[in-house]
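Single-letter residue listing:
There are 2 protein chains.
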Amino acid sequence: MYTLFHHPFCPLSRFVRLALGEHGLDLRLVEERPWERRTAFLSLNPAGTTPVLIADATPAIPGAGIIAEYLDETHGAAMGDRRLLPSSMDDRIEVRRLMAWFNEKFFEEASGPLVTERIYKRFMSEEDGGGPPSMDVIRAATANVRYHLAYIGWLARTRNYLAGDLITYADLAAAAHLSAIDYLGDVPWSEDEAAKAWYQRVKSRPSFRPLLSEWLAGVPASRTYVDLDF
Amino acid sequence: MYTLFHHPFCPLSRFVRLALGEHGLDLRLVEERPWERRTAFLSLNPAGTTPVLIADATPAIPGAGIIAEYLDETHGAAMGDRRLLPSSMDDRIEVRRLMAWFNEKFFEEASGPLVTERIYKRFMSEEDGGGPPSMDVIRAATANVRYHLAYIGWLARTRNYLAGDLITYADLAAAAHLSAIDYLGDVPWSEDEAAKAWYQRVKSRPSFRPLLSEWLAGVPASRTYVDLDF
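So the sequences go chain by chain: A and B.
Residue numbers for the first sequence follow UniProt numbering, beginning at 1 and rising by one.
Residue numbers for the second sequence follow UniProt numbering, beginning at 1 and rising by one.
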């Protein structure tokens, strides 16, 4: 049994939930508000960020990338051809490149600022930086979503899944970040049919269902959030 | 033979040089100015960032973390007890945690802004963001160096090397970032004797020598940069 310290709209935590789901692993969720900098949480992860995975008989595992490597090393080989970090070196490089692209670059440029401004700030105290969202930050992040969506569309037109023929961590990372901001209505799906068709396929996987059942009091989900055929 | 697209003062590129050196691998260096966004470089790494490693018979390998995983998968087992990403799961988690701490958090909060403001901006055109350094950015980054140095000191007092008994990627990452900003005189060594003693040990390794021979026209190195017994 695994325990995940997460926030329901943290895109990196969503990636880990998808990764555990695809591995068929059960999960207990503990909601963390990282901006509160809880002492017990900081002792699990001195960086103070979600997600943190607790597994039996290992120290706490902090961060989406490190958790992905851990899951691959403990459960990857048993996945056979469905391994999310495939065995061939070329595939490993490409999957890791795209996983970092979404978990680092997309998070920094788009999903991180959007979730912080539109969701986290509602719950933060004034000292923690709470308050009304910065429209400048939202505008810049929304513009960045468009070029990332075009990149996803380009990948989806040249390949079956983002990193090749089969679904990998690359798809889970991209879809996790998109799902968090799709809730907010921040993904202009009509701009890229190939990206939309790829997302529909990933979204219809059983591992995705728990994410779609996350709703936030006071912030209604966008029209496209739950609909599998949006 | 490996080829590394790097900048001599890019802290992440320095980490990769140390990692290759510790593995005993030869390296050809190609200096890249990532802010110029050279088309041929973007085709190697669409993210446009250094470092990028070119190895025989694989696609280009972008980013310090992905290169570290690649080197471990291709050369790690042959290192035996000196493996830089040790075999036990607990050690792998801790080494990856600290490697990410320095290559992501320290880079974002301290070494990245300092190198950009004090070095890269000298070479950038005005359109690329060149010009005089922002003293506000430098002040904030310098303050961050101090808390990171205290964290390194705390680790060095509790352990022989940062992640445990032996040298690992964690030490190489921390030392690589420190070396880039030590050139600029931005490390207050006198504030932490344990951190300083640990750095002296890492700095005296043969893999470190090529870094210390990097000098920048017009920017003199600090008093402590080359001195092994500073």
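There's no promise every hint is true.
Claimed, not checked - Below, computed lysine-lysine pairings styled on DSS-like, alpha-carbon distance capped at 30 Å:
id	chain 1	residue 1	chain 2	residue 2
1	B	196	A	105
2	A	105	B	105
3	A	121	B	105
Hints listed in this document are in silico derivations from the structure and should not be mistaken for laboratory results.
Please write out, lowest number first, the hints stated earlier that are contradicted by the structure.
Of the numbered hints, just 1 does not hold.
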